[in-house]
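Peer 1: Chain by chain, the residues:
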Amino acid sequence: MSAKIRKIAVTVEETHREIGRDISPATRKAVAVAVIENPFAGIYQEDLTELMEIGAELGALLGDKCVQALGITPDQAQSYGKSAMVGENGELEHAAAILHPKLGAPLRAAVEKGAALVASSKKMGSPGQVLDVPLGHKDAAYVRSHFDGIEVRLNDAPRAKEIMVAVAVTDSGRPLPRVGGLTHEDAQGQDGLR
Amino acid sequence: MPEVILRKTIYTIEEVFHEGGPQPEKSLRRAAALAIIENPFAGRYEPEIQGFMEDLKPLGLNMAQRLIEMLGGADQIEGYGKGAMIGEGGELEHGALWHAPGGYAMRQMLADSNAIVPSTKKVAGVGGRLDVPITHINASYVRSHFDSMEVGSNDTPRANEMVLALVMSTGARIHDRAGGLAAADIIGKDGLR
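Residue numbers (this note's numbering), protein chains in the order written: chain A, 1 to 194; chain B, 1001 to 1193.
Honestly, the hints are just simulated from the structure, not real lab data.
Do not take every clue at face value.
To be verified - Example chain A residues on the side facing chain B (calculated, C-beta under 7 Å, incomplete):
| no. | residue |
| --- | --- |
| 1 | Ser2 |
| 2 | Ile5 |
| 3 | Arg6 |
| 4 | Lys7 |
| 5 | Ile8 |
| 6 | Ala9 |
| 7 | Thr11 |
| 8 | Val12 |
| 9 | Glu13 |
| 10 | Glu14 |
| 11 | Thr15 |
| 12 | His16 |
| 13 | Arg17 |
| 14 | Glu151 |
To be verified - Cross-link-like lysine-lysine pairs, in silico, BS3-like; alpha carbons within 25 Å at most:
| no. | chain 1 | residue 1 | chain 2 | residue 2 |
| --- | --- | --- | --- | --- |
| 15 | A | Lys123 | A | Lys4 |
| 16 | A | Lys4 | A | Lys102 |
| 17 | A | Lys161 | B | Lys1122 |
| 18 | A | Lys161 | A | Lys102 |
| 19 | B | Lys1189 | B | Lys1122 |
| 20 | A | Lys4 | B | Lys1026 |
What the hints assert, rightly or not - From the derived model, a few chain B residues whose C-beta atoms are all more than 10 Å from chain A:
| no. | residue |
| --- | --- |
| 21 | Glu1003 |
| 22 | Gly1043 |
| 23 | Gln1065 |
| 24 | Glu1093 |
| 25 | Arg1107 |
| 26 | Asp1185 |
| 27 | Gly1188 |
Note that CB positions come from ideal geometry on N, CA and C, so glycine has one too.
Model the full assembly from the supplied sequences, consistent with the hints where possible.
Peer 2: Shown next as C-alpha cells:
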C-alpha cells in the first residue's frame, strides 16, 4: 500500500556569503518533505510493515526531489540526512518504521553510492513545529566539514493523524569549514566511515 | 547607492494534493523565493533611501524568473504576493523599498497581471517567520485565490540584514468553496474585478 500524500514541499538553500566572506561556489542544501496520512493513528498496531513500505517509497521520491532541486547528477551529492515528525495521534515508533528499515536503500540509489549511515532524527510534533534534519557525508561519516543540519517547518503539518517525512541532500559541506578532521577530498568511501 | 550584497537564497516549492476532502484533479502549487541581503542602512537613520530600489531591480527579476521556472512557466501562475523582514538593526521603511522592484518584476514577467501585488513586512529577529499574502494576479477580488505562504529560515534576518520575499501560486485554495468573484468571471481591466 502506498503513502497517502497530502502535500510535498521542497526547499533549496544557497549560501553565498558568510561573516563578510564570499562563498564561491555557494554551498547548497536541499530538503524535501512529504506530509502523509498515518495509517495507524489512534491505534496500537503491532506489525508496522506498511509504514516500512511507505518509507521505501518516500526514500526514492524525496531523494529524487532533492537531487532535481539541486540540479545535480546523483554522483554530485555529498551529504544526506532523514527525519520524521509524527503527529500526536501516532507514536515515535511509526517514525522509526518509516525511517530505518527501508528508506535508506532507495535514497542511496537516488544519490549514488551512499556508503555511510544516513544521519537521522525523529520526534512527535504538531503543525508548525521545527524538525531539524541532521546531515552527514554520504560516503564517509567522519568527514568533519559535512556535519551539518537543515531545519524544516510547515505551518500546517503534521496534523494529529499525519507524519511529516523529510530527506535532505547537499552538494557541499558547511560554509568556511575549518575545524579540521577528514576532508571530502581525502575520504575513501569504502567502509562508510573514512 | 550601495550594491546588493547577497548572503543567501532560499527557494521553496510546495504542492498540496488535498486538504482532507476529495482529491481534486489539479493540485495547488506555491513557490517562494527569499533573498537574504545586507541592509545598507542598518544601524543609522538615513533620510535618502530610494536609490536602493533601483539597485534591487535585477534581484527582483532574477527571483521572479526562477519562480516562474519552478512552477512550469508564466502561463501557470495565477496568484502572487511579496514581503520583507528587516533585521533589528533596520527599520520598517527599509522593507518598503521592496514594493516596486519586487512587485513590478513579477508583473513584468506575467501577462494579464493587473492586480496590485499584496504585501506584508515587519522587523524581525533571527528565525522570524513571515506570512506572505497571495491574491489573484489579474483581479484582487477573486476570493478563491486569497491565500498565503509562510516563509522564513532559522538563521535570518540577522540585525544588519533584510529578507526579501516573492511568492507565486498556480491556482485557487484546495477545496475552495467560499464563493465570491470566480476567476472565470474576471473582467480584467481595473485589477480588482
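Peer 1: Evaluate each hint against the coordinates.
Peer 2: Now the hints, each set against the structure:
no., hint, result
1, Ser2, "violated (13 Å)"
2, Ile5, "holds (6 Å)"
3, Arg6, "holds (6 Å)"
4, Lys7, "holds (5 Å)"
5, Ile8, "holds (5 Å)"
6, Ala9, "holds (4 Å)"
7, Thr11, "holds (4 Å)"
8, Val12, "holds (5 Å)"
9, Glu13, "holds (5 Å)"
10, Glu14, "holds (5 Å)"
11, Thr15, "holds (5 Å)"
12, His16, "holds (5 Å)"
13, Arg17, "holds (4 Å)"
14, Glu151, "holds (5 Å)"
15, Lys123/A x Lys4/A, "holds (20 Å)"
16, Lys4/A x Lys102/A, "holds (18 Å)"
17, Lys161/A x Lys1122/B, "violated (34 Å)"
18, Lys161/A x Lys102/A, "holds (22 Å)"
19, Lys1189/B x Lys1122/B, "violated (31 Å)"
20, Lys4/A x Lys1026/B, "holds (16 Å)"
21, Glu1003, "holds (12 Å)"
22, Gly1043, "holds (15 Å)"
23, Gln1065, "holds (15 Å)"
24, Glu1093, "holds (24 Å)"
25, Arg1107, "holds (25 Å)"
26, Asp1185, "holds (29 Å)"
27, Gly1188, "holds (31 Å)"
Hint check: violations occur at hints 1, 17 and 19; the rest are consistent with the structure.
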